[in-house]
Amino acid sequence: MLSQSLFEGRRVRLDRFDADKDATVVARWTHDLDWLQRIEARKVARPLAAARVREHWASLEKSDSTFLFAVRLNSDGRLVGQAAIGEVYWMHRSATIRLGIATPADRRQGFGGEALALLVRYAFDELNLHRLTAWTQEYNPQAARFLERAGFVPEVRQRQALQRNGRRWDVIVLGLLREEWERARSGPGEAEP
Amino acid sequence: MTPQLLHGRLVRLAAPDPERDSAEMAGWSRDSEMLRLMDDDPARPWSPSRLQERMSEEPKLDHFWFMVRRLDDDRLIGEAGLGGISWLHGEAWLYISLGDRACWGKGYGTDAVRVLLRYAFEELNLARVSLGVYDYNPRAVRVYEKVGFVHEGRLRESVQRDGKHHDEIVMGVLRQDWERMVVS
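From first to last, the protein sequence lines stand for chains V and D. Residue numbers 1 to 193, in the working numbering, belong to the letters of the first sequence in order. Residue numbers 1 to 184, in the working numbering, belong to the letters of the second sequence in order.
Calculated from the structure, these hints are not laboratory results. Computed from a prediction, not measured in an experiment: that's the story for all the values here. In this text, a Cβ means the ideal position worked out from N, Cα and C, and glycines have one as well. Treat the hints with caution; some may be incorrect.
Mimicking DSBU-like on lysine-lysine, the simulated pairs with C-alpha atoms at most 35 Å apart in a straight line are [as the list claims (entries may be wrong)]:
| no. | chain 1 | residue 1 | chain 2 | residue 2 |
| --- | --- | --- | --- | --- |
| 1 | V | Lys62 | D | Lys146 |
| 2 | V | Lys62 | V | Lys43 |
| 3 | V | Lys62 | V | Lys21 |
| 4 | D | Lys146 | V | Lys43 |
| 5 | D | Lys60 | V | Lys43 |
| 6 | D | Lys164 | D | Lys146 |
| 7 | D | Lys164 | V | Lys62 |
| 8 | D | Lys146 | D | Lys60 |
Example chain V residues on the side facing chain D (calculated, C-beta under 8 Å, incomplete) [said to hold, decoys possible]:
| no. | residue |
| --- | --- |
| 9 | Arg157 |
| 10 | Gln163 |
| 11 | Leu177 |
Each pair of labels, with its calculated beta carbon distance range [as the list claims (entries may be wrong)]:
| no. | chain 1 | residue 1 | chain 2 | residue 2 | range |
| --- | --- | --- | --- | --- | --- |
| 12 | D | Arg101 | V | Lys21 | 52 to 62 Å |
| 13 | D | Arg9 | V | Thr96 | 33 to 43 Å |
| 14 | V | Gln163 | D | Glu57 | 44 to 54 Å |
| 15 | V | Glu87 | D | Lys60 | 46 to 56 Å |
| 16 | D | Arg9 | V | Ala19 | 52 to 62 Å |
| 17 | D | Lys146 | V | Asp34 | 33 to 43 Å |
| 18 | D | Glu19 | V | Asp34 | 33 to 43 Å |
| 19 | V | Ser63 | D | Leu61 | 44 to 54 Å |
Please take these sequences and the hints and turn them into a complete structure.
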């Protein structure tokens, strides 16, 4: 039997971005330095106009190596974050994942965990990948803990690989293999997202 | 100041020369083992004309690509470079590949990596140099250890070869690691 829906969780869903309604919201997120330093750690934090956000989405729609999703609440459809599978390397069946809940008020409520479970299932069940990688930063230790709770294994600690706020920080890379995810899924008491 | 920034004891780093180097490089690209040691792209032979195009491209500031030439007879033996440079964070990814198999195991690679590191730290003023190397390439791992790279972990099963999964070992050198090495 096939899964009924890859995109629907209990309280959140993975959805497409709506160029008309969502671009101003996401443009507002990009004016939050803290958000940018978490979601795009290697890039220069740079606020974007809504038009630029739309262009970016349009370019990704044609991509077969990046899959970008809006994270929305089922209750009222409100946009709370974004989730992406990027750098899909079909030859080696690997990819990088990235996920963020944008505003602090929406964090710590399990939305991120649900969205991550959907994203990971999409990567393994739909894209048939073998391995997922997540890059996190020492200045955002919650991210690594969050990923570890979902089964990701810390694999690499790149010493002092980033410079932020006048000092250097390590990059912590975590990985999840398909068989680890399958084992956890079929394990006792494990509920489907 | 270092008199010859791009010269080591055995080799020098030189600009890619489309007319002079492309035929030799195209020949090496038929060596699939060499290609699989270098990166995780699909191994495929390159034509001299395609290589000439690549060599003629305007150099970009986030990637420095060099030819490795022997100092004694100026023979081309491989390529090396610093890619994915993040000026924001002062970091680059190092790579090297000696296409000329007769030059393996004789210290040319080690020398070239040392020159690249000096270029990264003394010319580009980077804070850190990273690299990835596959677990089926222990010879390269030893070279990187010798010049001061530290093991920082492994991306498990990130490469698939001949039906088997392999790890990518991630290594790094900090400016201070390197300065300590140079003094001692």
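Enumerate the violated hints, using their earlier numbering and listing them in ascending order. 1, 14, 15, 18 and 19
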